[in-house]
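Enquirer: Listed below, chain by chain, are the residues.
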Amino acid sequence: MAVEKKVAAGRRGAHQKWRVLTCKVGLDGHDRGVKVVSRALRDAGVEVIYAGLRQTPEMVVEAAIQEDVDAIGVSLHSGAHMTLIPRILELLKERDASEIIVFGGGIIPEDDALELKRLGVAEIFGPGTSLQAIVEFVNRGFQQAA
Amino acid sequence: MGPGYTAGVSYDESEMNLAGDLLAGDVRALARAISLAEDRDPQATALVAELQAHTGRAHLVGVTGSPGGGKSTLVDALVRVIRERGRTVGVIAVDPSSPFTGGAVLGDRVRMSRHTLDKGVFIRSMGARGHLGGLAAATREAIHLLDASGRDVIVVETVGVGQSELEISSLCDTVVLVLMPESGDAVQSIKAGILEIADVYVVNKADLSGAEKARRLIQDAVAMAPKKPWQPPILLASAVKEEGIGPVWEAIESHRAFLRQSGGLEERRRERLKQEVIALVAESARDDARRAVEGDTPVGRLLRDNRNGRLNPYSLAADVRAMRPARGAEN
Ligand SMILES: Nc1nc2c(ncn2[C@@H]2O[C@H](COP(=O)(O)OP(=O)(O)O)[C@@H](O)[C@H]2O)c(=O)[nH]1
Ligand SMILES: [Mg+2]
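Residue numbers (this note's numbering), protein chains in the order written: chain A, 1 to 146; chain B, 1 to 331.
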């Protein structure tokens with residue numbers, strides 16, 4: 001809803017900004033990728049709330065609601081993306097917060113990425129993603145490329 | 001979540017339920033209301049006004065100090081102590097150093113992660129955005145909203161830069177200044193203003209060397225300041241090791257008790273009310289002025305034409321002040 005509002009109203013005022021929660025889900029401690037993406041989003045004008053490492057889907061969704069973000073960017077390298085990301089989508093639904101967009105990054109095979117998009121994930125950024133692609137994603141209002 | 005939250009419903013319609021849902025403890029309503037305040041949406045002001053009867057109960061604690069001093073880590077440790085004492089908490093982590101234009105990365109939550117799933121804790125990050133003095137107004141409204149939602153303690157973390165540490169003293173009942181051992185010689189250069197607003201000093205990172213020396217330096221600096229009825233305690237703590245945190249919380253509570261007994265609480269709140277009125281008037285005056293200057297008005301046209309480049313700001317300002325505020329204009 002926040003997204004629809006912002007899009008519909010043409011991002012009214014100078015004070016209104018996209019808010020995105022970024023985090024690392026899973027047990028591994030690699031935070032390079034998520035930090036690079038966070039800074040790219042920042043440079044694209046986004047207010048990024050970085051929630052840190054080792055977040056569970058429950059924590060991610062709770063933090064996203066408290067921070068009232070438009071989108072959640074999750075980074076995964078643990079290989080558990082096919083359980084963790086759908087769990088986030090499910091929890092958002094349970095909290096009546098499905099309007100919060102979810103996008104992902106990390107090492108996710110193409111087939112899995114397609115399946116996740118089918119489930120409602122807006123975009124999956126692979127390891128070689130250019131920062132330009134992230135900026136374009138922001139400028140598209142966090143929607144999939146047509 | 002109330003029925004006002006179905007997709008596509010505008011803020012205006014949902015606002016009818018926002019106040020009720022917020023009072024009923026709905027986290028989404030609270031979060032959304034704070035967004036309205038951050039967006040400087042007039043509805044936030046209306047909401048705060050509507051909820052005013054439900055505010056004034058919470059203990060407002062400001063935590064300030066240099067970047068990297070361990071404020072967020074200390075807040076995390078304090079939240080644990082406060083929760084152990086059975087009270088609920090709202091945390092507002094303000095980063096006034098984020099750039100005025102463009103985006104920001106707000107990272108204070110990282111240190112407080114373990115409290116995320118505790119229903120008694122609500123954490124919100126706020127950036128500077130394009131606010132000119134509006135950050136304090138947004139923070140103030142966020143405090144009122146958390147207060148109305150029934151939080152017992154509200155902790156506001158802000159980086160001590162520029163005016164922000166002075167602003168925090170006008171927002172909070174108790175101000176905690178966090179210092180590092182290495183900042184020992186920085187103590188002497190501490191702006192007099194900070195020493196005057198601190199109610200509790202915490203020398204954090206006491207697990208590192210130099211903490212005791214820093215404590216003595218602060219003590220000397222405090223001793224040189226004019227005597228006040230409240231003598232701010234200077235405490236050593238290690239936020240990462242969670243050592244010395246209980247005493248910090250007790251000092252914060254003692255300060256509040258002192259304010260209560262001495263009538264200082266009323267005095268602070270009166271002063272806060274005054275500041276709030278000034279801030280609200282200033283904010284709307286600034287908005288009116290910007291509209292007058294940028295809009296299709298005599299002054300706006302003059303400024304855009306500015307043929308000879310010799311316009312007089314004083315007379316233009318007088319012209320703007322003489323204009324009636326444009327009611328119902330685009331905000
Ligand atoms: N040695 C030590 N490091 C600490 C302590 N408290 C915080 N830190 C570290 O100081 C750094 C900055 O902490 P943070 O809480 O983010 O500081 P802030 O910028 O003031 O909010 C982090 O690396 C913390 O782990 C402490 O008590 N002892
Ligand atoms: Mg911090």
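Hints were generated in silico from the structure; no laboratory data involved.
Don't take each hint at face value.
Take a look, some chain B residues computed to stay more than 10 Å from chain A by CB distance [said to hold, decoys possible]:
{"no.": "1", "residue": "35"}
{"no.": "2", "residue": "39"}
{"no.": "3", "residue": "109"}
{"no.": "4", "residue": "113"}
{"no.": "5", "residue": "117"}
{"no.": "6", "residue": "129"}
{"no.": "7", "residue": "150"}
{"no.": "8", "residue": "251"}
{"no.": "9", "residue": "256"}
{"no.": "10", "residue": "262"}
{"no.": "11", "residue": "280"}
{"no.": "12", "residue": "294"}
Derived Cβ-Cβ restraints for the label pairs, each shown as a range [unchecked claim]:
{"no.": "13", "chain 1": "B", "residue 1": "277", "chain 2": "A", "residue 2": "118", "range": "48 to 56 Å"}
{"no.": "14", "chain 1": "A", "residue 1": "79", "chain 2": "B", "residue 2": "53", "range": "40 to 48 Å"}
{"no.": "15", "chain 1": "A", "residue 1": "139", "chain 2": "B", "residue 2": "315", "range": "42 to 50 Å"}
{"no.": "16", "chain 1": "B", "residue 1": "182", "chain 2": "A", "residue 2": "29", "range": "47 to 55 Å"}
{"no.": "17", "chain 1": "B", "residue 1": "182", "chain 2": "A", "residue 2": "111", "range": "48 to 56 Å"}
Below, simulated EDC-like cross-link-like pairs (lysine to aspartate or glutamate); rule was C-alpha separation at most 20 Å, straight line [what the hints assert, rightly or not]:
{"no.": "18", "chain 1": "B", "residue 1": "119", "chain 2": "A", "residue 2": "96"}
{"no.": "19", "chain 1": "A", "residue 1": "117", "chain 2": "A", "residue 2": "90"}
{"no.": "20", "chain 1": "B", "residue 1": "119", "chain 2": "A", "residue 2": "43"}
Quick reminder that beta carbons are idealized off the backbone N, C-alpha and C, glycines included.
Enquirer: Please name the hints from earlier in the document that this structure breaks, with their numbers sorted from lowest to highest.
Expert: 1, 2, 3, 4, 5, 6, 14, 16 and 20
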